[in-house]
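Position chain G against the provided structure of chain Z, taking the given hints into account.
Top to bottom, those sequences are chains Z and G. Take 1 as the starting number for the first sequence in our numbering and just add one per residue. Take 176 as the starting number for the second sequence in our numbering and just add one per residue.
Source of the hints: derived by calculation from the structure; they are not laboratory data. Mixed in with the good hints, there may be bad ones.
[Unchecked claim] Quick list of the computed label-pair ranges, beta carbon to beta carbon:
| id | chain 1 | residue 1 | chain 2 | residue 2 | range |
| --- | --- | --- | --- | --- | --- |
| 1 | G | E291 | Z | V1 | 44 to 54 Å |
| 2 | G | A208 | Z | L104 | 41 to 51 Å |
| 3 | G | G191 | Z | R35 | 54 to 64 Å |
| 4 | G | G182 | Z | R35 | 48 to 58 Å |
| 5 | Z | L171 | G | S217 | 27 to 37 Å |
[What the hints assert, rightly or not] Here's a subset of chain G near chain Z, in silico, CB distances under 10 Å, partners left out:
| id | residue |
| --- | --- |
| 6 | G182 |
| 7 | A188 |
| 8 | G191 |
| 9 | A208 |
| 10 | L227 |
| 11 | L282 |
| 12 | E291 |
| 13 | A301 |
| 14 | G313 |
| 15 | P319 |
| 16 | A331 |
| 17 | L343 |
Ideal Cβ positions, reconstructed from N, Cα and C, are used throughout, including at glycine.
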Amino acid sequence: VSLLGLCALVFTYNVATFGNGPGMVPLLQEELVDRRGVLTADQLLYAFTIARVTPGQANTYVAAVGYLLHGLVGALACTAAILLPGYLMLPLLWGYRRLGAVRLVPAFTRGLTVASVGLIFAATLDIGRRTLTGWVSVVVFAAALAMAQLLNWNPLVVLAVSAAVGTAAWLLGWT
Amino acid sequence: VTAEREGQVSRRALFGIFLKAGLAFGGGLGILAVLEQELVTSRQAVSREEFLRLYGLGRVVPSGTMTALAVAYGYRFAGLLGTVIALAALVLPALVLTVALTAAYGLLHRQRWLLELLPVTILPAALAFIVVAGVRLGRGVFRPSLELLVAAAAFAGAALLGVNPVVLLLAGGVAGTLLFARGDGAR
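Isolated chain Z (complex conformation):
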């Protein structure tokens, strides 16, 4: 995929999901992994993992996608592509002062947000099928889920423990 084409994809997906980082995963997967085959599912998952262990907005992981496909220029271009729509805030602020609240806009946004929840679970199911291939990966997944969801631990700690458990199992030859 060309640099311009990649920027157009990222721009479109970011707008379509309202800048929702996890929401973009199924879209990027469909286009870049399944259809074009320029990224592997592992690379996309790695990019999303980076988003979880770095601070800031959850959609900045597109910089990783850009870097994998077009180097530093790709990372910067993809980042610019997700920032650009933010400028719609200026006409919106101006219009808001003149029109007041329009009812249909939040309803459309809400419907889109709700649909993206369904999409995220569909993508999760798909990624889960590919990722959980052995019993060690299932155990690590369950442990990470418990640490993140039930114990509410910091993602960095969850990753460190998961890595330690998985590495130990690998060293013992269980994988």
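Same frame as chain Z, but now just chain G:
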């Protein structure tokens, strides 16, 4: 835009505030917490009502809500140059770390031990993060409602029928316009 009414923030301070926000963990809400602390509580450059109103408007903008807020506050305090300052500061920490970690992957992913290790360490953990994010995002949806119906329809369309996600998202928006515009589903 009425910039002078409620106090001023210099360009340097603007960069500092959004750099600090960009270093916050926890995604959008982590960033919002820093902005609230800096702009409302500490500097009193923005009133609480104005802060909440801008947040609501930011959610309507089809970018990250925090991206929209960086544009709004950047413009308010330093014009168009301010938007560039605020946006650059906001993404700088994440961009630098992301590129560094991705470059490490490029160097490491040919190593056989890494290919064996990733599927039992970081990748299942990442899947857990996705599940957690999904549950968190869907928190308001998991109760008997029209919203749950739309979410379930989108799930079925993607998981069972393989419909294009963009089509499903836009269909969700149209469904939302038809279903939520009058009820309390519109927020």
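Hints versus structure:
For G:E291 paired with Z:V1, a C-beta distance near 29 Å fails the hint of 44 to 54 Å. Checked against the hint of 41 to 51 Å, the C-beta distance between G:A208 and Z:L104 comes to roughly 31 Å, which is inconsistent with it. The given range of 54 to 64 Å is broken by G:G191 and Z:R35, whose C-beta atoms sit roughly 43 Å from each other. Checking the proposed 48 to 58 Å range against G:G182 and Z:R35 shows it holds: the Cβ atoms sit about 50 Å from each other.
At roughly 49 Å, the beta-carbon separation of Z:L171 and G:S217 lies outside the given 27 to 37 Å, and the hint is violated. A distance limit of 10 Å between C-beta atoms decides the matter here; for G:G182 the minimum to chain Z is near 18 Å, and the interface restraint is violated. With a least beta-carbon distance of about 19 Å to chain Z, the hint placing G:A188 at the interface is violated under the 10 Å criterion. Given hint, G:G191 at the interface with chain Z, is violated; its Cβ is 15 Å from that chain's nearest Cβ, farther than 10 Å.
For G:A208, the interface hint is violated, the least distance from its beta-carbon to any beta-carbon of chain Z being 12 Å, above 10 Å. Interface restraint check for G:L227: the shortest CB-CB distance to chain Z comes to about 14 Å, outside 10 Å, so the restraint is violated. The closest approach between the C-beta of G:L282 and any C-beta of chain Z is roughly 12 Å, which is over the 10 Å cut-off, so the hint fails. Evaluation of the G:E291 hint against chain Z yields a held restraint, the C-beta minimum of about 6 Å falling below 10 Å.
Because the smallest distance between the Cβ of G:A301 and any Cβ of chain Z comes to about 4 Å, under 10 Å, the interface hint for this residue holds. Annotation: G:G313 was flagged as interfacial toward chain Z, and the flag holds, the nearest CB pair being 4 Å apart, inside 10 Å. Contact between G:P319 and chain Z, as hinted, is not supported at the beta carbon level, the nearest pair being about 14 Å apart and thus beyond 10 Å. For G:A331, the interface hint holds, since its Cβ comes within 10 Å of a Cβ in chain Z; the closest pair sits about 8 Å apart.
Restraint check, G:L343 versus chain Z: the minimum CB separation of about 6 Å is within 10 Å; hint holds.
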